[in-house]
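J.: Line order of the protein sequences matches chains A and B. If you count by our numbering, then the first sequence holds residues 72 to 291, one letter each, in order. If you count by our numbering, then the second sequence holds residues 3 to 139, one letter each, in order.
Wrong hints could be hidden among the right ones.
[As the list claims (entries may be wrong)] With the C-beta cut set under 8 Å, the calculated list includes, among others, these residues of chain B facing chain A:
#, residue
1, M55
2, V57
3, G77
4, N79
5, T80
6, I82
7, Q86
8, R90
9, L91
10, L102
11, A105
12, R106
13, F109
[Said to hold, decoys possible] To be clear about the criterion: a stretch of chain A counts as covered by chain B if any three or more of its residues have a C-beta under 8 Å from a C-beta of chain B, and this derived list gives those stretches:
#, segment
14, 93-106
15, 118-131
16, 216-230
Since the hints were made in silico from the structure, they are not lab data. Glycine residues also receive a C-beta, built at the ideal position from the N, C-alpha and C atoms.
In case you want the letters, here they are:
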Amino acid sequence: MFAIVAGGGKVGANVARTLLRRGHEVTLVEQRGDRHEQLESEFEHQVHLGDATELFVLERAGISRPADIVIAVTGDDEDNLVIGQLAKEKYGVPKVIARVNDPRNQQLFDLLDLRLTVSATQMVLGLIEHEVPAHELVHLLELREENLEIVEVEVGAGAPAVGKRVEELALPQGARLISVMRQGTAEIAVGSTRLDAGDQVLAILEPGKEDELRRLLLER
Amino acid sequence: MRALVVGCGRVGSTVALTLAEEGWDVTAVDESEGALARLGERWRGGFVNGHGMDVDVLREAGIEQADAVVVATDGDNTNIVVAQIAQRLFGVDCVVVRLLDPARADFYADRGLDVVCPTRTAYETLAERVRASRSKA
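Please model the complete structure; the sequences and the hints are all you need to start from.
T.: Rendered as structure tokens:
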């Protein structure tokens, strides 16, 4: 695989190094002269000096071959957005991964149709929510491409679902239960699985169905 | 008619003043509070201090009612993103964007942005002046 990594900060350098170790071909692009010099001692000719939002820089890095994947991980979201858009739409790169620095900009990546995004801040926030839940419904995983999400809910005492079998639940369209964990043991949720107050339930659902699920599993 | 000018530097502020003079209801947006000074003491239009890529800032500046958006911050990539927000997210009909890099200007013009590239104007004009002086000689 031939990968172009735009942005030679900590993330970019570590990604490039790991891909190289796995035997892939990599070109790393860094625009700051001093940082480029540091990287050169390790990456030699595999690191290029230049602004990866400039077409000639991308072309010199080999994007027109085309690259199999472009990884836009600079510290500026506007740059990652433009690199991603150029890679996909001008050069026909089949896979583009972009880093979201400010989670508020996630909607801009969605707007410009860059679906594979990574946000460290968002991941930390997700972990905090999981470890220190502020809400009774925790988002565990967002499957953007599939437009689905996996959530965790603790069945509330007195909720409509308590004492019912999964097949008896009026689950919203576009929502399914995956598993039920009780006293540390999880089992796959099948039609005959009975729910009890305090059960930790994993569910997969379309975004926007959370409220219906909440009404069923949480509320009195 | 309402216009939004994102980026209130030399270019943006002059566009804002010109449009206001012609009767447009203009709001300028700039990251730096100091940019307001460029509009002069007699400025009666709006000014919002914030980043053009921040959708809330654009809303506060009235982008939902805007008939035209001019994007002229000092960053090409910011301009590219802001112009596409105006066009795709808010459906503004007239979005004009300044890009300094001719290569990106071409690509985004092909994709339907109304791009003004002063760099191209400069080199074309400079070359043209040289040609004109030679033909006079």
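J.: Now, for every hint given, state plainly whether the structure supports it.
T.: Comparing the hints with the structure gives:
A least Cβ separation of about 6 Å between M55 (chain B) and chain A falls short of the 8 Å threshold, and the interface hint therefore holds. The restraint placing V57 (chain B) at the interface with chain A holds, with a minimum CB-CB distance near 7 Å, inside the 8 Å limit. At a threshold of 8 Å, the smallest CB-CB gap from G77 (chain B) to chain A is about 7 Å, leaving the interface hint in force. Restraint check, N79 (chain B) versus chain A: the minimum CB separation of about 4 Å is within 8 Å; hint holds.
A least Cβ separation of about 5 Å between T80 (chain B) and chain A falls short of the 8 Å threshold, and the interface hint therefore holds. Given the 8 Å rule on beta carbons, the hint for I82 (chain B) holds: about 6 Å separates it from the nearest Cβ of chain A. Restraint check, Q86 (chain B) versus chain A: the minimum CB separation of about 6 Å is within 8 Å; hint holds. This hint holds: R90 (chain B) has a C-beta 6 Å from the nearest C-beta of chain A, less than the 8 Å allowed.
Evaluation of the L91 (chain B) hint against chain A yields a held restraint, the C-beta minimum of about 6 Å falling below 8 Å. Residue-level restraint check for L102 (chain B) is violated (minimum Cβ-Cβ distance to chain A is 11 Å; threshold 8 Å). Annotation: A105 (chain B) was flagged as interfacial toward chain A, and the flag holds, the nearest CB pair being 4 Å apart, inside 8 Å. A cut of 8 Å between beta carbons decides the hint on R106 (chain B): the least distance to chain A is about 7 Å, and the hint holds.
A least Cβ separation of about 6 Å between F109 (chain B) and chain A falls short of the 8 Å threshold, and the interface hint therefore holds. Counting residues of the segment 93-106 of chain A whose beta carbon lies closer than 8 Å to any beta carbon of chain B gives 0, which falls below the threshold of three, so the coverage claim is violated. Given as covered by chain B, the segment 118-131 of chain A passes the check, having 4 residues with a CB less than 8 Å from a CB of that chain where 3 are the minimum. With 0 residues carrying a beta carbon less than 8 Å from a beta carbon of chain B, the segment 216-230 of chain A misses the three-residue requirement, and the given coverage is violated.
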